[in-house]
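Use these hints to put chain P onto chain H, whose structure you have.
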Amino acid sequence: DVKVTQSSRYLVKRTGEKVFLECVQDMDHENMFWYRQDPGLGLRLIYFSYDVKMKEKGDIPEGYSVSREKKERFSLILESASTNQTSMYLCASSHGTSGDFSYEQYFGPGTRLTVT
Amino acid sequence: QKEVEQNSGPLSVPEGAIASLNCTYSDRGSQSFFWYRQYSGKSPELIMSIYSNGDKEDGRFTAQLNKASQYVSLLIRDSQPSDSATYLCAVNVNAGGTSYGKLTFGQGTILTVHP
Numbered sequence: 001d002v003k004v005t006q007s008s009r010y011l012v013k014r015t016g017e018k019v020f021l022e023c024v025q026d027m028d029h030e031n032m033f034w035y036r037q038d039p040g041l042g043l044r045l046i047y048f049s050y051d052v053k054m055k056e057k058g059d060i061p062e063g064y065s066v067s068r069e070k071k072e073r074f075s076l077i078l079e080s081a082s083t084n085q086t087s088m089y090l091c092a093s094s095h096g097t098s099g100d101f102s103y104e105q106y107f108g109p110g111t112r113l114t115v116t
Numbered sequence: 001q002k003e004v005e006q007n008s009g010p011l012s013v014p015e016g017a018i019a020s021l022n023c024t025y026s027d028r029g030s031q032s033f034f035w036y037r038q039y040s041g042k043s044p045e046l047i048m049s050i051y052s053n054g055d056k057e058d059g060r061f062t063a064q065l066n067k068a069s070q071y072v073s074l075l076i077r078d079s080q081p082s083d084s085a086t087y088l089c090a091v092n093v094n095a096g097g098t099s100y101g102k103l104t105f106g107q108g109t110i111l112t113v114h115p
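In the order they appear, the protein sequences are chains H and P.
By the numbering used here, the letter at position 62 of the first sequence is numbered 62, and the numbering carries on one by one without gaps.
By the numbering used here, the letter at position 50 of the second sequence is numbered 50, and the numbering carries on one by one without gaps.
With the rest of the complex left out, here is chain H (with noise of 0.2 Å):
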């Protein structure tokens, strides 16, 4: 069974702070995503990885960053959080390089984040 881990499963933290979240897959996948999920507005991508040290904007990059040092963790970072990024995050994973057309995606169970 695919497995993917987040280091937080509820976090709060307070405005203009540092956040880490982290997201672990033991599928040996290469893609790796960071989607947001509010009420209303579906799933947002927000970053991925398509292999070690490779990153590239999803559609709402803005005051988020990555990092992928290890094939299997993808770190989302919230450098100055604020009140409008409390929201669920989810980290998925897949399979699958160019020409393959699985791109199954399998996600953790998501981090739910409030900044006060």
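Treat the hints loosely; a few may be bogus.
[Stated by the list, open to error] Computed cross-link-like contacts, DSS-like style, restricted to lysine-lysine with a CA-CA straight-line distance of at most 25 Å:
1. H:Lys18 to H:Lys57
2. H:Lys55 to H:Lys71
3. H:Lys18 to H:Lys70
4. H:Lys3 to P:Lys42
5. H:Lys70 to H:Lys55
6. H:Lys13 to P:Lys42
Calculated from the structure, these hints are not laboratory results.
Structure of chain P alone, referenced to chain H:
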């Protein structure tokens, strides 16, 4: 036009009935199609993948793909109260082989199965 659209719902069906969930997509280069189930407060769970035209069955679930009409659907037979959840349609565009597995998700359809 949104890239991936799902019927707005919510959808309510009686226990034992067939639930039909629909999804349309705008990009003809789309290659891979997925259905996820998401229970309230939980993360999405992959339940079906489909890559070629036609039907794909897995237990009580059947995914249907029609690339000419650009729609994908999910049928749930013998619906159970435990099927009550939000169902997300997701589509991958693999144009030129450089999508890196990005999926575009629909907004989701809330399904309620009542006893």
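Taking the hints in turn, this is what the structure says about them:
1. At roughly 20 Å between alpha-carbon atoms, H:Lys18 and H:Lys57 fall within 25 Å of each other, so this suggested pair holds.
2. Restraint check for H:Lys55 and H:Lys71: satisfied, since their Cα atoms lie roughly 12 Å apart, inside the 25 Å limit.
3. Proximity of H:Lys18 to H:Lys70 is assessed by CA-CA distance (about 21 Å); at most 25 Å being required, the pair is judged to hold.
4. With a C-alpha separation of about 15 Å, the suggested pair H:Lys3 and P:Lys42 falls inside the 25 Å cut-off, and the hint holds.
5. Among the hinted pairs, H:Lys70 with H:Lys55 is consistent with the structure: their alpha-carbon atoms are about 13 Å apart, no more than 25 Å.
6. The straight-line distance between the Cα atoms of H:Lys13 and P:Lys42 is roughly 21 Å, inside the 25 Å bound, and the hint therefore holds.
The structure shown violates none of the earlier numbered hints.
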